[in-house]
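> If you want the building blocks of each chain, they are given just below.
Number of protein chains: 2
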Amino acid sequence: MSQKERHFDLAAYLQERQTLVEAALDRSLPVIYPEKIYEAMRYSLLAGGKRLRPILCLATCELIGGTIEMAMPTACALEMIHTMSLIHDDLPAMDNDDYRRGKLTNHKVYGEDIAILAGDGLLAYAFEHVAIETKDVPYDRLLRIVAILGRAVGAAGLVGGQVVDLESEGKTEVCLETLNFIHNHKTAALLEASVTSGSILAGVSDADLQRLTHYAQHIGLAFQIVDDVLDITATQEELGKTAGKDLRAQKATYPSVWGLEESKQQAQVLVQKAKAELAGFGDRAKPLIAIADFITARTH
Amino acid sequence: MSQKERHFDLAAYLQERQTLVEAALDRSLPVIYPEKIYEAMRYSLLAGGKRLRPILCLATCELIGGTIEMAMPTACALEMIHTMSLIHDDLPAMDNDDYRRGKLTNHKVYGEDIAILAGDGLLAYAFEHVAIETKDVPYDRLLRIVAILGRAVGAAGLVGGQVVDLESEGKTEVCLETLNFIHNHKTAALLEASVTSGSILAGVSDADLQRLTHYAQHIGLAFQIVDDVLDITATQEELGKTAGKDLRAQKATYPSVWGLEESKQQAQVLVQKAKAELAGFGDRAKPLIAIADFITARTH
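Keeping their order, the protein sequence lines are chains A and B.
Take 0 as the starting number for the first sequence in numbering that gives the first Met the number 0 and just add one per residue.
Take 0 as the starting number for the second sequence in numbering that gives the first Met the number 0 and just add one per residue.
For the record, the hints were derived by calculation from the structure and aren't laboratory data.
Glycine included, each C-beta is placed from N, C-alpha and C at the ideal position.
Watch out, some of these pointers could steer you wrong.
What the hints assert, rightly or not - Distance ranges between label pairs, derived from CB positions:
no., chain 1, residue 1, chain 2, residue 2, range
1, A, 25, B, 49, 26 to 32 Å
2, B, 103, A, 170, 25 to 31 Å
3, B, 231, A, 168, 54 to 60 Å
4, B, 271, A, 25, 55 to 61 Å
5, A, 264, B, 135, 50 to 56 Å
6, B, 131, A, 15, 31 to 37 Å
7, B, 66, A, 264, 55 to 61 Å
8, A, 107, B, 256, 33 to 39 Å
9, A, 135, B, 256, 46 to 52 Å
10, B, 261, A, 97, 46 to 52 Å
11, A, 29, B, 281, 53 to 59 Å
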């Protein structure tokens with residue numbers, strides 16, 4: 000780590016941004032009648048988590064010269080969409096998970112019917128929130144954000160990734176191409192949307208957008224490889240969700256294809272590639288560089 | 000019926016518009032990898048139906064001086080959202096319906112997991128489709144459309160109505176206020192969004208928007224009252240879905256509160272009120288007037 004990077008205090012940065020995002024998420028969704036659905040939506044939306052997607056959105060917006068205020072509604076929308084995908088993925092008809100972030104999953108608390116509707120409500124509200132709450136951003140940019148968010152969560156993104164993931168379950172032979180498809184869609188697509196939306200809000204150039212897109216794709220895949228590794232090496236307490244689940248579900252993972260050491264190695268290579276894309280941005284890219292390092296260093 | 004109205008051939012009008020909408024929906028969603036999710040989305044999206052929401056959107060856009068082309072992406076988005084709400088409402092965890100529009104419901108054909116994801120995919124795609132495909136409409140109007148669609152389907156609309164509907168099931172005493180809340184949100188909200196979005200695309204004035212909103216609210220409630228009446232009086236063959244379901248589920252309905260005759264009467268009054276709102280538009284409002292009459296006259 001260079002002298003410069005050492006001076007950037009990522010822990011403090013993430014803590015500060017998390018606090019801002021938590022406050023904005025809390026304000027974004029007041030409880031009104033019928034209370035149960037708003038409570039269910041808030042239960043999962045405010046259940047903690049790293050808030051990586053909102054933080055990436057804010058960071059890239061600032062990197063390109065925009066403000067936190069411009070990006071906050073989109074940052075919140077990204078977390079609403081991410082939360083919706085977790086609620087629906089946890090359902091009995093899908094991954095059937097009882098715990099998420101150390102708490103009971105949404106359907107365990109509110110029932111399956113409300114959990115399905117809470118996901119739908121969060122997804123719909125994400126778009127409404129961006130359209131209504133964003134200030135000081137030209138309308139054409141906001142429409143690009145709407146299109147990016149829609150694509151990232153739909154059949155060309157999260158939903159498509161989850162479908163292939165479900166199809167692959169229990170199959171003994173899943174090729175690397177399929178595994179990459181799953182994770183490029185289930186994980187990388189929304190991380191990429193976080194980075195591109197933040198920069199588009201600030202009026203990014205095509206060349207810079209391309210660099211930031213590559214950065215996001217690399218850290219997105221690295222993030223998933225590390226997730227797979229942690230599913231094997233971390234304890235349930237560290238993860239806040241059921242550990243060793245992939246193995247029991249006979250899910251194809253990067254460690255199952257490459258082995259544990261090679262997977263860690265590949266994640267490192269991707270993080271280096273991601274950081275190389277940021278070379279031209281100078282010191283302003285410090286947060287994004289530190290976030291890339293954080294992804295491979297994390298233990299949960 | 001006046002001489003003028005008799006000359007408007009609603010059946011031919013609806014048939015022509017349905018054909019246009021079907022073709023646009025078919026084009027909107029090609030099948031790509033992973034095929035299963037696109038097939039599941041298309042299965043329900045192209046399963047027929049009256050296409051009332053798209054047709055209302057096109058009709059109000061034309062009424063205010065816009066074109067069918069301007070409104071078609073929003074019209075398709077409304078049908079995607081409507082279809083998504085049907086797929087999720089039919090799930091075993093919700094209304095547990097096996098048939099819809101005379102065909103097996105989505106989860107009976109594709110499984111619960113895919114049905115949940117097909118709904119999510121359609122909802123996300125609705126917003127992407129509006130943002131990407133709409134031509135010749137100022138961006139500020141399009142952002143209003145995004146906000147209207149999001150609100151109509153979220154906790155302040157469809158989702159909120161479904162939550163109160165689920166809570167009311169099996170309760171013997173459901174007051175008229177609750178019943179109105181359910182249907183203003185489950186049915187009228189999206190019909191209202193169809194009418195307001197079509198007129199906003201064409202640059203409607205505030206005064207005309209208010210009139211059209213009232214029109215939509217009246218026909219929305221009338222539509223639901225007639226639905227409740229038909230659930231009792233029509234056969235399964237006519238409905239294309241399970242008949243008498245409300246009674247068996249002990250659902251509060253307008254006939255259960257008002258009786259059958261009073262319900263029919265109230266629907267008529269609402270249709271008259273809806274038509275009165277259109278008085279100032281002259282002959283151009285003929286399609287909307289005929290659609291209002293059609294709602295109480297329909298048998299399925």
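> Indicate, hint by hint, whether the structure satisfies it.
Results of checking the hints against the structure:
Against the hinted window of 26 to 32 Å, the Cβ-Cβ separation of residue 25 of chain A and residue 49 of chain B comes to about 42 Å, which falls outside the hint. At about 27 Å, the CB distance of residue 103 of chain B to residue 170 of chain A agrees with the hint of 25 to 31 Å. In this structure the hint that residue 231 of chain B and residue 168 of chain A lie 54 to 60 Å apart at CB is violated, the actual value being about 44 Å. With their beta carbons about 46 Å apart, residue 271 of chain B and residue 25 of chain A fall outside the hinted range of 55 to 61 Å.
The hinted range of 50 to 56 Å is satisfied by residue 264 of chain A and residue 135 of chain B, whose Cβ atoms lie roughly 53 Å apart. Restraint check, residue 131 of chain B to residue 15 of chain A: a C-beta distance of roughly 36 Å satisfies the suggested window 31 to 37 Å. At roughly 58 Å, the beta-carbon separation of residue 66 of chain B and residue 264 of chain A lies within the given 55 to 61 Å, and the hint holds. Hint check: residue 107 of chain A to residue 256 of chain B, Cβ distance near 35 Å, so the stated range 33 to 39 Å holds.
Checked against the given bound of 46 to 52 Å, the beta carbons of residue 135 of chain A and residue 256 of chain B, roughly 49 Å apart, stay inside it. For the pair residue 261 of chain B and residue 97 of chain A, the beta carbons lie near 48 Å from each other, so the given range of 46 to 52 Å is met. Remark: the range hint 53 to 59 Å for residue 29 of chain A to residue 281 of chain B is contradicted by a beta-carbon distance near 43 Å.
Hint violations for this structure: numbers 1, 3, 4, 11, all remaining hints satisfied.
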